[in-house]
Amino acid sequence: MKFLSFLIGASFDDFRRNKVRTFLTSLGIMIGVLSVVLLIAFGLGLRNYIEQQFEELGTNLLYVIPARLIGEGGGLQAAGAAAIPRFEEKDVAKLEKIENVDFAAPYFETFSNVEAGGETKYTQVSLGDENMNSAINLEADIGRLFTKGDVDKRAKVVVLGPSLAEDLFGAKEAAVGKTVRISEQNFKVIGVIKSKGSGVLGGPGFDTIVYLPYKSSLRINPNKKFSALYIRVKSEGTIAQVKRDAERELSKTYDIDDEFQVVEQTEFLSTIASIFSILNGILVAIGSISLLVGGIGIMNIMYATVTERIKEIGIRRALGATKTDILSQFLAESVILSVFGGAAGLILAFMIVAVIQRFFPAEVNLLSVLAALGVSSAIGIFFGVFPARRAANLVPIEAIRYE
Amino acid sequence: MIELKNVTKQYEVGDQIIQVLKGISLKIRDGEFVGILGASGSGKSTLMHIIGLLDSPSEGQVLIDGKDASKLSDNELSKLRNHYVGFVFQQFNLINKYSVLENVLLPALYSKEKLPFDPTNRVLELLSKFGIYDRRNYRPNKISGGQQQRTAIARALIMNPKIILADEPTGNLDTKTGEDIMDLLKSLNKEFGLTVVIVTHEKNIAAKTKKQIFIRDGQIVKKYL
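Line by line, the protein sequences are chains P and U. Just so we're aligned: the first sequence equals residues 15 to 417 in this note's numbering. Just so we're aligned: the second sequence equals residues 19 to 243 in this note's numbering.
No lab work stands behind these hints: they were computed from the structure. Be a bit skeptical, because a hint or two may be false.
Claimed, not checked - 25 Å max Cα-Cα, derived BS3-like pairs, lysine-lysine:
1. P:Lys162 to P:Lys266
2. P:Lys325 to U:Lys194
3. U:Lys89 to P:Lys337
4. U:Lys194 to U:Lys226
5. U:Lys204 to U:Lys229
6. P:Lys337 to U:Lys97
7. P:Lys325 to U:Lys240
8. P:Lys33 to U:Lys229
9. P:Lys33 to U:Lys115
10. P:Lys337 to U:Lys180
11. P:Lys111 to P:Lys229
12. U:Lys160 to U:Lys180
13. U:Lys97 to P:Lys325
14. U:Lys147 to P:Lys337
15. U:Lys240 to U:Lys23
16. U:Lys208 to P:Lys337
Build out the structure end to end from the sequences listed, making use of the hints.
Next up, the structure:
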């Protein structure tokens, strides 16, 4: 007990006298732990974020997409990438006749220049009807959303995402009542939606999109084909039945093997989960590299530290220290350094995650914490003890004479 | 008693083999005050390191109170270095990051047995006796060479060893301080009956001992009793 407190005391004493060395060694471990924990926290955060976005859409929603996108196991299929808009208005009508369907809504998206007051933005244009607005949970912040009346009258009106409104008019409040030009046609801005956050992985989010009634512009969608259909069911319990009926109905017109797929929210979620398990794997690999680099730093410093202390080890041996005593001392120092650096890395990671959580649902993963701490400590301890062992095994007088 | 029987020591330097000790036999009895005298490179320091269990012979036996040192485990050898022998080096070999007090205390911390004295009190006692009590909280590199060597002697004594081995203890000191250190070692032998072995190349230092062993080229050439 006395020897242990002596060891710990001696270690701290040594750290106090070698502040730079102590700092550098701990820094290596700290960076290793910090990078692994943060990378994984971001990866998990990204997954949480995307899941949240889907969950916000509601669970009683089905998507009809113009290709088989999601495979049996939840993985994405390459064919999905080549999907072309193929659905028509009559499909919407057919789907609405299915039992327990609240509504079906058409959806078409494209990219186009949007001009207003001298500003031009190339952005996503989404076409739909009043039901699309409720399917994707759009809410008006300023002004109003378009209605069934606007759709039927082919009104030349648009609703803007708030970021786009700011980009075009300086402030979202200034947008309503103004005119924007899309495909050489003028549209009146009737509303700006509430912010729904920016897009995922740098893609366009709801906030930068122009929403307009699908009948209002033939130039934007000359083929009158839709890229997706939304089906809202009356209650969650009827999802499976509606999905089956929708598949049966649509397969009269389209090939179920590659021309369309009816997808549930949960299928999207499991697809996201499978994508993110790959992404997290990559993040772990990147984190492991920084852990390795940190580990090499620790290794160098530990090795140099022990080498410069071989004479001291020799003196201690001459005074009666056993090999085990020497190893215990260096083990204690390495453990303290590792724990210190690891704890600092963890505290820093928790602090950064806490700050980021205000904007982004980052999440600290216990397993990543344990792995990061374990690996960096193991490196610190191994390279602290391994050279010390070599020194302890020297004949004492050789260690004392070591220069 | 320490007995060496036909001890040899050789080093390999590259493909050359250097014979440092060539068959040394000697006995150091309890309470003796011995000087090992020899020129630089004669092998006298190597001899002392072997006597003090800091090094092991290539051949031959080292018997500590009749026990063959080569048959002892690392723990047993460490225990002997801790309890049985006290070292004093030419370079002092103090640990500069510890205070004088901590340096002297160090052997006590490596003792695996309960000590019959309070180590800190004993350190303070020794420091007072050697006139360096007021230097107890200094780092060794902040005090004079004589004070450093007194610290080293105090460290050698803390565990009440049977034998003090001093390798050129006055080598790094001026003449006056060197004489003071020699007087101190002499008094340890005379007043406390400690066995003291001093390795030196200076005849006048060796002359203060009661028994002298002359070493040349790794062999004992003369013994004076």
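Comparing the hints with the structure gives:
1. With a C-alpha separation of about 28 Å, the suggested pair P:Lys162 and P:Lys266 falls outside the 25 Å cut-off, and the hint is violated.
2. Of the pairs offered as hints, the one joining P:Lys325 and U:Lys194 is violated, with about 29 Å between alpha carbons and a cut-off of 25 Å exceeded.
3. With a CA separation close to 17 Å, the supplied pair U:Lys89 and P:Lys337 stays within the 25 Å bound.
4. With a C-alpha separation of about 14 Å, the suggested pair U:Lys194 and U:Lys226 falls inside the 25 Å cut-off, and the hint holds.
5. A threshold of 25 Å between alpha carbons decides the hint, and for U:Lys204 with U:Lys229 the separation of about 12 Å falls inside it, so the pair holds.
6. Of the supplied pair hints, the one linking P:Lys337 and U:Lys97 holds, its CA atoms being roughly 12 Å apart against a limit of 25 Å.
7. With a C-alpha separation of about 34 Å, the suggested pair P:Lys325 and U:Lys240 falls outside the 25 Å cut-off, and the hint is violated.
8. For the suggested pair P:Lys33 and U:Lys229, the alpha carbons sit about 50 Å apart, so the restraint of at most 25 Å is broken.
9. Restraint check for P:Lys33 and U:Lys115: the C-alpha separation of about 13 Å stays at or below 25 Å, so the hint holds.
10. For a cut-off of 25 Å, the pair hint linking P:Lys337 to U:Lys180 stands: about 23 Å separates their Cα positions.
11. At most 25 Å may separate the alpha-carbon atoms for a hinted pair to count; P:Lys111 and P:Lys229 meet this at roughly 21 Å.
12. Taking the CA atoms of U:Lys160 and U:Lys180, the gap is near 31 Å; set against the 25 Å cutoff, the hint is violated.
13. For the hint linking U:Lys97 to P:Lys325, the alpha-carbon distance of about 20 Å falls within 25 Å, and the restraint holds.
14. As the CA atoms of U:Lys147 and P:Lys337 are separated by approximately 33 Å, the hinted pair breaks the 25 Å bound.
15. For the hint linking U:Lys240 to U:Lys23, the alpha-carbon distance of about 17 Å falls within 25 Å, and the restraint holds.
16. For the suggested pair U:Lys208 and P:Lys337, the alpha carbons sit about 35 Å apart, so the restraint of at most 25 Å is broken.
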